[in-house]
Amino acid sequence: MNSSPVDASASDASSMPQKRFSNLRSVRWRIDLGVLPSSPPASIDDIRRVTADTRRRYANLRRRLLIDHHSPKYGKASPDLTVDNPLSQNPDSTWGRFFSYAELGKMIDQDLSRLYPEHSGYFHTPICQALLRRILLLWCLQHPEYGYRQGMHELLAPLVYVLHFDLDHLTQVQKLYEDFFSDEFDKISFPEGDFLSSHRIRRVKNWESGIEIENNLHKITNDHSRDELDPDTREMLLLSDSYGAEGELGVILSERFMEHDAYFMFENLMFGDQGVVSMASFFSPVAGSNSNLPPVIEASSALYYLLSIVDSSLHSHLVELEVEPQYFALRWLRVLFGREFCLDDLLVIWDELFYSSNSRYLDNDVEFNFEVLCSPRGAFIAALAVSMLLYVRSLLLATETATTCLQRLLSFPQNPDMKKLIEQAKSLQVLALESNILSSSCQTYSNKNQLTICRGYSLPSASALPKTSLNVIADRYWEEQWRVLHKDEELRKQSNGHLSSSGIMKKILTKRLSFSRTNSEPFEGNNAHALSSVRRRLFDDSSEVIEAAKDHVKSECNESPVISNNLNVGKGFPEELADQRTSNCMVEETFLSGHNALVVSTPTSPHDIGNDHENESEKSSITSNSFLGDNDEETISMEESCSQNKQDEESTNMEEPCCQNLDKQLAQDAEATSSGDVDSIPEQIAAPKDQKPFAGKFQWLWRFGRGSKEENQESKRSQNAGHIQKDGFDISQCDGTYASCGINKRIEVGDKKVMDTIRNLGQSMLEHIQVIETVFQQDKSKFDPLDNLSNNILGGKGQGTAIAALKELRKISSLLREM
Amino acid sequence: MDRRNGFKWAAARSPAVSSIASIGSFFSLPFFRSRRMVLVLAIGDLHIPHRAPDLPAKFKSMLVPGKIQHILCTGNLCIKEVHDYLKSLSPDLHITRGEYDEDVRYPENKTLSIGQFKLGLCHGHQIVPWGDLDSLAMLQRQLDIDILVTGHTHQFKAYKHEGGVIINPGSATGAYSSITYDANPSFVLMDIDGLRVVVYVYELIDGEVKVDKIDFKKTATTQSAH
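Chains as they are written, first to last, in the numbering used here: chain S, 1 to 819; chain B, 1001 to 1226.
Chain B with its partners taken away, still in its complex shape (with noise of 0.2 Å):
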């Protein structure tokens, strides 16, 4: 039996949190259990220097050292420096390539697991048609893992689809793509904790951080809220 099919999805988007705050477990003293809440950083499309100047002031004054413990980079960076600040932000940094990173050495696809579930990066470029969900979910099934996280689109996205998880974190730096012209700049931060999965999303909407938060958990019914 396939692995995936052993536990269900539920995403909510917030407020419904609230709805299904009642399954998981209360774990009412955390220090307690030696519990390793990781933060992992989703971001990508930044395109400086050819699109975008930096990222927004705001986005950095809210990525500091120390919170961060994975970042994944779809792509798309696209110079060095970027890489160095991301680098400084969080030493365990995995990077696909996009179509314009200067640094060839980036592979296109890239797993990894953290915790108990199987993560994927792909930039998207090269799959067709750009954003198609179930071009997308092919790929999934093809690096057999539970979250991929994807770019290319500029757009957030994050679709629960086949228990599991595919996010698009848009693009950093609002640039503009060959398929949107005003992007709204922003990035996820997933906080990942045992089988549930929180993922916060941060857009950059008339200059205000707007923060979303959408809730995955591992559940015996199946539910879709998105």
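Extracted from the complex, chain S is given alone in its bound form (with noise of 0.2 Å):
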């Protein structure tokens, strides 16, 4: 029975949990929309009647806003006829109302007359265009504050069709059922006008109310059969019960109340149905309520943080073409992807879309980065954006100027893998939710100001602090190259590279080392090639990282409670270190924030007074820039460390504790598996709540990274060397960004700036150089056992690769030539 025109609402449905009224899509949407009830489970008499009440206030409105000018009655209403008169300059009088109405309805057919031309058979016939055109009409004349903008009808037009093509499958399953939905009662067939398509007339009999004759009469062939129906007939049956509450007012899916349906359903998409996501303040250029900035430049911000946090590289590319995210996201936002994708696809992105809810998930008081990415819908906006940039990545990589990357943003693949498309959102929707819970208390859109503001927060004493700048011309692009290179070597002393102040605790620890690490060995394999989305599980896990770090220094300084943190390191540490396979710089960003985020997410954990105390202590250390802490200057040697294994011999040096630190918590760890403790179950609960603050930290602290790009690039290289040493803190931040990305510039904490700058550029451009080189290998030996995953990830684009590194080196050049 699924065999029936809504195969694509069929096929989605048996890919995702199964949602009710799987095969109906538009009570679905109407359902998720807010138009009905949702609460689970909502019966079918309480769904009928409040699609009843719904139709009844859509017919009162339009009886009171559509009103014949012409009607006698009306000029009874208004007899002044010097207010009241066709050339009549006040806009109140009814002819001003009806003239700027009919411009209304101008503007209006405009649009609608070149509405999906592809689909012109069905939305160019004149029953619908005056349907569209009342909806839209009656919408704009309710709310005259947003009025009319062009791509309403766009966000309409799917919802009419959806409604229409739901007719068109009850019909069919009308077809199939013929006994059940047969329009004679007592043999009396009552003949029904259609309205809007040419489909049969359907009367549902009506076995569920019990009406005696009818049962008498069909006794025989339906109350047997009736209960072998499946279930989705069944509904399908009740939605359709011309006899059912509230009569045929109530019929789910009535071509009659077509016009009421959409237009409420057009209500709600346009409002959110008080959520979040409001589309029709996507059109209005008013101001956001908590931002100078209209909501839809808002969201498209959002959409470039969002990028900025997934794909580094790209953010910096468009950036630096100076792509504004409006230019294109304008588009996108304002009909909800309508014109980037044919409307079968649509329909699949919406349901995702409208599945996700539009409430507001965060409190009032929890501080967040962007309006629009409250709601998990809001997040999925925000993340099937970047999902399509990422989707034509290397294309947008590849461009040069501004213009030809606005058209190749403006024209979207014509068929994309839908599936693709939305696995990624997906999981991007999920790190757009975290990453939006920010504990910063400012609320920037310009990275600039970002800087400065996040400085200030984390570091209360910034203004001490000498301006940080820091050249970075790092791209995520380039750290998965980096990542393909040393993935191996750099996995051991990546895990290594956690913070650590106290050498104390290693002796004794060093001894579980080899054990924790077979231990962690197997969980490597697996998640390797389980997860689907690998960015998303980067987040998830180096929050989990993060929650490992914080535990470890907590063990650190005060000792007793080791054994319930371990828990949670023991948690979170495998499959970090799996995850080191996919990134390093990732993980050493995340015990960065690690870090940092323990200063701010103190008050969240209360697990422990004395760690409060401890941390407190750590917080002043840190802020008052006094890298004579432990702590940090581990973190500054860590990260040389890490991100380049061609370091000088200074950082190698440093390696070494940083060794010692993780056979400590590896050592914990095993502790932890081989114990497990009982009592440690609490702290396993308070883990995710602390992972939040954690996440939010993780993506401010990339953010921050991302800012002081910004900064790099307008100021000297010399003077940042000058500043390192200073603002060490900075400095490891950023090196957590981008340190270990191949063109990066390593900084010398010493007086040869200038030579060091150079000697680092020369490095970089080996390193480019590299690339080239091992993307052409690969492309020879592309089933290399030990490579991999990095030919996974080369595989497809190594020439694309290949010219990016090579235009890489070009800029190096010319930032050589420069100094």
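One should not assume that every hint holds.
What the hints assert, rightly or not - Only pairs whose alpha carbons sit at most 35 Å apart, straight line, appear in this in silico DSBU-like list of lysine-lysine:
| # | chain 1 | residue 1 | chain 2 | residue 2 |
| --- | --- | --- | --- | --- |
| 1 | B | LYS1217 | B | LYS1087 |
| 2 | S | LYS106 | B | LYS1067 |
| 3 | B | LYS1213 | S | LYS106 |
| 4 | B | LYS1217 | S | LYS106 |
| 5 | S | LYS106 | B | LYS1060 |
No lab work stands behind these hints, which were simulated from the structure alone.
Take the two lone chains and join them into the complex the hints point to.
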């Protein structure tokens, strides 16, 4: 029975957990959009009642607003002819309104006539046009503050289409189950005028409300077989039973009330049902509630923000080309990607989009970054946009001017891999949601502001700090390259990179190292191929790592709760190890952020007063910028050692403590897994709570990095070097973000800044050349067993990466020339 | 049977409009049907620049492009600039020739159909006695029209006559004529909708625009409300 026209939704439904009304997309949307009650499980009767209510409301609205000015009744209402005449200048007069309506109608008509030319068979029929026009007109009249804007019709059209589609589907089902849907009621059929399309009339036999006559008539044929119907069809029968609750007005899928239903779907879509994402606001130039930017611009920046987290290289590339997000996002967001995908694909996307709830998931007092990311739906919109960007990533990276870049962006590939896009969007959605919870109290949209304010927040004594300026042109792209190149060597070192202040525990725990390592190995294997979305996992895991880091520090500070903390460590750490396979630098960052986050999140982890106290002291050490504290120093060194294994002796020396730290932690890990202490369960439960602030912090770091990168582009390299010693904290952050990338220039903590910078440039050039070489090698031997992962990453775009690497080389050489 | 005898007119000068309000069909949803609401401006005897410098400012501010679909101008504009101005209000401009018009290409009479109505246009100086109802009715029969628009007398008049309507929009500038000295500036706007015409009369009296409304309908019964 599901082999009906709704194959898109049917196949769609099969891929996700079974939702209610899985084969009736319009009903599902109406529930998701909040038109119909969702509180599970609303009974059929409830749904029907609500449906009837909305239809009545629409009818009233229509009667009230779309009244004829020529009707004599109207003349009676306003007899003042000086005001009410066709040439009246008063916009409030009936004639004035008439002309403004006419204007509006003309505008709407203009757009409607161009709506979906490829589906003109349906959308361009006079009846459908009139229906769309009425809905839009009514909506605009109802909400004069928004008025009609181009694009609204494209939001409405899919809704109408879906309603129509389901009616079609219903007809098909009726054909299959003619017995149940047959119109014979005491052998008399009721003719009914067809409204919108040429469906045949449907009447559903009332076998639920128990009209005896009918039951008697058809008892033999129906009574035994109706129970054999599958639940879907049964539900459909009940939904379209014109004798159920509210009678025909309650028939969920009804041609006659398509307009009514579509209007309320549209209304709820436009206003998001009191949720966060309101499409209407995307059309209005009025500044949003918590920023002085129009919501659509804000959403666009949210998109870029998310992109910067996910793919900093693409982000920096776009920023470099000065491609503002709103240039393309305006179109994407306003019509919810309607222009980018064909209608069928769009429906699948909207399925997901509406399925994500639009309610604010944050408490009001929680600081957040972007208003639009406060609801899963908003996050999904941003995530989908980002995944679209990633989908054309290589194309975008290949562009050299803003114009070509925008051309690429505005002509999205015709038949994209929808599954891939949506999968990615879903994973990014989680990231977006989590990244939005920002502990930062600021709400900034320009990176530079962000930089300063974030700093101001994280480091209360920021004013005392010298201006941070760092030289980073790093890309995530190069991070990947780097990762590929140094995957194996880095793996261990990376995991070593854990901050630690005391070397006391080291000796005690070293012996456990080997054990714990073997322990974590299996995880590595599993994770490497088990997870579909790398980035999401990255994020999740790294937050766990933060957890681990935090616990680790705690355990250092007061040794008593070591065991309880260890459980978290045990959970997070093996995964972290596995993760390092995919990204070194990320984890590295994580450590850092873990370290930093500790400062901020202290209040949220009230496990131990002692802990708090310790953290407090640590905080002070950081904020005062006295890098005498072991933590920070080691952080820097660890950074260096991890990100660039071709580092100077200095940093390699510093690796030692790191290793020891790792040993320690691994040992703890092992301890935890072996002991399995019952007492630690509460700890474990508490852990997820902590995760969020950490995550926020984590994101913040990235953003910070981004901000500083911008700064960096403006400032000179030598200057950077000068500040680095003083501002070790910031260095380490930026290092965290970019250090491990191939292009990064290493900054020496010394006097010969310029010399060092040049040397580093040369180094990175070398690395680029290496990258190109590897690309070509890999192209030849694609299935090198050792480099499996790298092949996966590079396989498709070997050529592209090589070209990109060459481009980067060119960039570096020009930089050198400047110096 | 004469087509005009098939329906009767009812003319009512407001506020008597409301008394026959119930007759019209109640189109509660105007956007459902593709109704073309048509506004026709009837204007004439401007006598610019000979007897008046320009249209009254109040009229000028009211007459804006985009609202009016057709303009019927009875004549005596008299110069091309006025023609151009009217053309700017609506491109569909119909003009008959008055005795002072410079442009000799304007016809003496003109008929056109708007919606379900046949309209006739004539300046009226040819029809003697000037402004005489019977003479005008003769022309109306001659042209076989429902609505006759004439001018020349510089006085607003609207008659319902023999199932038709005869309208004189007066002088839009209030110019004097050979029979009147102190004419009030006036023009007429007809709202033609289906079988119904609403005539709005705009008259400038003591510097104030006074609007009057006359409702003409096709009815089964003969009613004279004028």
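- Task: Could you check the structure against the hints above and give me the numbers of any it violates, in ascending order?
- Result: none
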